[in-house]
Amino acid sequence: MSGFPTLFYKEVLRFWKVGFQTVAAPVITALLYLLIFSHVLESRVHVYETVSYTAFLVPGLVMMSLLQNAFANSSSSLIQSKVTGSIIFVLLPPISYRAFYLAYVLAALVRGLSVGAGVLLATLWFAPLQFAEPLWILAFALLGGSILASLGVIAGIWADKFDQLAAFQNFLIMPLTFLSGVFYSIHSLPPFWQQVSHWNPVFYMIDGFRHGFFGVSDVSPWQSLVIVATCLVLLSMLTLGMLKRGYKLRA
Amino acid sequence: MTSAIRVQQVAKRFGSVEALAGVSLDVRQGEFFGLLGPNGAGKTTLISALAGLVRLDSGHIEVMGCDVVSDYRNARRQLGVVPQELVFDPFFSVRETLKIQCGYFGIRQTRARDAWIDEILENLDLTSKANANMRSLSGGMKRRVLVAQALVHKPPVIVLDEPTAGVDVELRQTLWQFIRSLNRDGHTVVLTTHYLEEAESLCTRIAMLKAGRVVALDTTANLLRRFSVHALRLKLAPGVMLPPPLASRAQEKEGAWSIAFDQYSEIEPVLAELRANGCVLEDLEIGKPDLEEVFVRVMRGKEDRFPSGVGADARSPSSVGVTG
Numbered sequence: 000m001s002g003f004p005t006l007f008y009k010e011v012l013r014f015w016k017v018g019f020q021t022v023a024a025p026v027i028t029a030l031l032y033l034l035i036f037s038h039v040l041e042s043r044v045h046v047y048e049t050v051s052y053t054a055f056l057v058p059g060l061v062m063m064s065l066l067q068n069a070f071a072n073s074s075s076s077l078i079q080s081k082v083t084g085s086i087i088f089v090l091l092p093p094i095s096y097r098a099f100y101l102a103y104v105l106a107a108l109v110r111g112l113s114v115g116a117g118v119l120l121a122t123l124w125f126a127p128l129q130f131a132e133p134l135w136i137l138a139f140a141l142l143g144g145s146i147l148a149s150l151g152v153i154a155g156i157w158a159d160k161f162d163q164l165a166a167f168q169n170f171l172i173m174p175l176t177f178l179s180g181v182f183y184s185i186h187s188l189p190p191f192w193q194q195v196s197h198w199n200p201v202f203y204m205i206d207g208f209r210h211g212f213f214g215v216s217d218v219s220p221w222q223s224l225v226i227v228a229t230c231l232v233l234l235s236m237l238t239l240g241m242l243k244r245g246y247k248l249r250a
Numbered sequence: 000m001t002s003a004i005r006v007q008q009v010a011k012r013f014g015s016v017e018a019l020a021g022v023s024l025d026v027r028q029g030e031f032f033g034l035l036g037p038n039g040a041g042k043t044t045l046i047s048a049l050a051g052l053v054r055l056d057s058g059h060i061e062v063m064g065c066d067v068v069s070d071y072r073n074a075r076r077q078l079g080v081v082p083q084e085l086v087f088d089p090f091f092s093v094r095e096t097l098k099i100q101c102g103y104f105g106i107r108q109t110r111a112r113d114a115w116i117d118e119i120l121e122n123l124d125l126t127s128k129a130n131a132n133m134r135s136l137s138g139g140m141k142r143r144v145l146v147a148q149a150l151v152h153k154p155p156v157i158v159l160d161e162p163t164a165g166v167d168v169e170l171r172q173t174l175w176q177f178i179r180s181l182n183r184d185g186h187t188v189v190l191t192t193h194y195l196e197e198a199e200s201l202c203t204r205i206a207m208l209k210a211g212r213v214v215a216l217d218t219t220a221n222l223l224r225r226f227s228v229h230a231l232r233l234k235l236a237p238g239v240m241l242p243p244p245l246a247s248r249a250q251e252k253e254g255a256w257s258i259a260f261d262q263y264s265e266i267e268p269v270l271a272e273l274r275a276n277g278c279v280l281e282d283l284e285i286g287k288p289d290l291e292e293v294f295v296r297v298m299r300g301k302e303d304r305f306p307s308g309v310g311a312d313a314r315s316p317s318s319v320g321v322t323g
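Protein chains in written order, with numbering that gives the first Met the number 0: chain W, 0 to 250; chain R, 0 to 323.
Calculated from the structure, these hints are not laboratory results. Treat the hints with care, since some could be wrong.
Unchecked claim - Using 25 Å as the maximum straight-line C-alpha spacing, the simulated DMTMM-like pairs for lysine to aspartate or glutamate come out as follows:
| no. | chain 1 | residue 1 | chain 2 | residue 2 |
| --- | --- | --- | --- | --- |
| 1 | R | K234 | R | D184 |
| 2 | W | K247 | R | D113 |
| 3 | R | K141 | R | D70 |
| 4 | W | K16 | R | D113 |
| 5 | W | K243 | R | E169 |
| 6 | R | K141 | R | D56 |
| 7 | R | K252 | R | E169 |
| 8 | W | K247 | R | E84 |
| 9 | W | K247 | R | D56 |
Claimed, not checked - So the derived label-pair ranges between C-beta atoms look like this:
| no. | chain 1 | residue 1 | chain 2 | residue 2 | range |
| --- | --- | --- | --- | --- | --- |
| 10 | W | Q129 | R | A114 | 22 to 32 Å |
| 11 | R | L85 | W | Q129 | 49 to 59 Å |
| 12 | W | Y8 | R | R110 | 16 to 26 Å |
| 13 | R | L85 | W | V17 | 43 to 53 Å |
| 14 | R | R54 | W | L237 | 12 to 22 Å |
| 15 | R | N38 | W | W192 | 25 to 35 Å |
| 16 | W | Q20 | R | N38 | 31 to 41 Å |
| 17 | R | G185 | W | A166 | 48 to 58 Å |
| 18 | W | G240 | R | H59 | 17 to 27 Å |
| 19 | R | S69 | W | Y8 | 26 to 36 Å |
| 20 | W | L134 | R | Y71 | 32 to 42 Å |
| 21 | W | F177 | R | S69 | 23 to 33 Å |
| 22 | R | Y71 | W | L171 | 29 to 39 Å |
Note that the Cβ used here is the ideal one computed from N, Cα and C, for glycine as well.
Based on the provided sequences and hints, a complete structural model is requested.
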């Protein structure tokens, strides 16, 4: 694993040096969502028996921010270094494709977790939270963050220009995260859209994550765990395969 | 002794473009080796293949006996590459960049590592910029950092892909002084450049590439001797044109015409032609051959004068000089 610790450190340092943009800004955005949605919907939407809408919203926002930032970190780092050509500095040394993958995914996960923790801390002021089954919180945060970080690696390698990455982000990642039950329980949806939601892996990440807080969820956390873990294994295999072949990195 | 670099029958195609068409050559340890050729000849592709950035369609490359594909980790540890493009990571300072590069090669944080970084910075005149962000550096300084990055892991083989493109004279001299001292210390240096006078003064052996093939491979001295034995340099009076038969074999350089010749007996017919056409000369001199003339002649396909097997360590038909 020669080179892995440094590549991981470099990737963390990269986002930390622009922390206002990469950590503080997404926390503020999530806070704005919370203020607006809870103000408008608190008295109108009732999801679970013992949970207020604002409290329901918090885990969803935490997880959504975590996922989006994990994706943003690996994808933007790779596209930037590809466009500027500085990717050569990690391609010339004897860094294996596994070390490359782990470093980018773990650094993206660190950013996702930092943003998620930031959102959680900031929203504690607005909603009393429970931590009914914290191991589920940890498991889904780690698995979900890793999945989006892997997707970020795929998108960063696949995209040749910023425009293509923006398309990936806006037409795939954003709809998947927004339409995953962050702002509502899928039981409030018509049957057709409930069925559609079951095909969205992000739904299981958020539902399982929320279960860790309240002990209740739309589907069993075990079912979510199996689906999310399977997604991670499949995406990791795909990403590692791309890196091993040198897809779009080594001509 | 193991070759510093061994390239065997290397081929690479990008779509319909044949970037490398069966290149073979050996670079011995301790050599200062020049890789010359016009744009698109395949120099950068060959270097990229050497560095593992390009995957070969066929053939093998070894660096210090390590195959760049099957034993890529050891091969890359033996190699320091200064890329052609002026690339940098805008997030870091010069020192951070070098420390990170050390880490990529598994070099741990020790006093010896920091002392080596300081030494590289000193030799490349970067000490005062060690803590400056990469974005704030001038082009020449960024180029120096690229050289420093290639040297952090003390590679026995250093490849410089047009390192002096767009670099001022003073820096060029500093850079070559440093690279020469590394070569004296035993590092093998491979250089590509468009500044042929640099290659002539620095390189002990030169390979010329054209359309993905080696068209000349020999010591610099032999190339100069075999091609363009001498040159007749003519400066014509203002408004005077060189007669077409002479113009077709002459090169214009800095306002003067240069005509290559092998035997002194070839001078008289040239002068006779000039007299017959009433050409008035301002200046005339007989110059020693230079690499630029050799280069032009080889690239124009006049390598038919090149005896086969001229490459002392030629290993295949494509490396013996006459394949173009």
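Against the structure, the hints:
1. R/K234 with R/D184: It is violated: about 44 Å lies between the C-alpha atoms, which goes past 25 Å.
2. W/K247 with R/D113: 35 Å, violated
3. R/K141 with R/D70: 31 Å, violated
4. W/K16 with R/D113: 23 Å, holds
5. W/K243 with R/E169: Cα-Cα ~43 Å, so violated.
6. R/K141 with R/D56: Violated. R/K141 to R/D56 sits at ~34 Å, over the 25 Å cutoff.
7. R/K252 with R/E169: Satisfied, since the Cα-Cα distance of roughly 24 Å is no more than 25 Å.
8. W/K247 with R/E84: Given pair W/K247, R/E84 holds - Cα atoms ~18 Å apart, limit 25 Å.
9. W/K247 with R/D56: 16 Å, holds
10. W/Q129 with R/A114: 22 to 32 Å: Given about 56 Å between the Cβ atoms, the range is violated.
11. R/L85 with W/Q129: 49 to 59 Å: 55 Å, holds
12. W/Y8 with R/R110: 16 to 26 Å: Cβ of W/Y8 to Cβ of R/R110: about 20 Å, so the range 16 to 26 Å holds.
13. R/L85 with W/V17: 43 to 53 Å: 23 Å, violated
14. R/R54 with W/L237: 12 to 22 Å: Holds, at about 20 Å.
15. R/N38 with W/W192: 25 to 35 Å: 58 Å, violated
16. W/Q20 with R/N38: 31 to 41 Å: Once the Cβ atoms are compared, 39 Å apart, the range 31 to 41 Å for R/N38 and W/Q20 holds.
17. R/G185 with W/A166: 48 to 58 Å: 52 Å, holds
18. W/G240 with R/H59: 17 to 27 Å: 25 Å, holds
19. R/S69 with W/Y8: 26 to 36 Å: Given a distance of about 29 Å, which is inside 26 to 36 Å, the answer is holds.
20. W/L134 with R/Y71: 32 to 42 Å: 41 Å, holds
21. W/F177 with R/S69: 23 to 33 Å: 47 Å, violated
22. R/Y71 with W/L171: 29 to 39 Å: 33 Å, holds
Taken one by one, the earlier hints fail for this structure at numbers 1, 2, 3, 5, 6, 10, 13, 15, 21, listed in ascending order.
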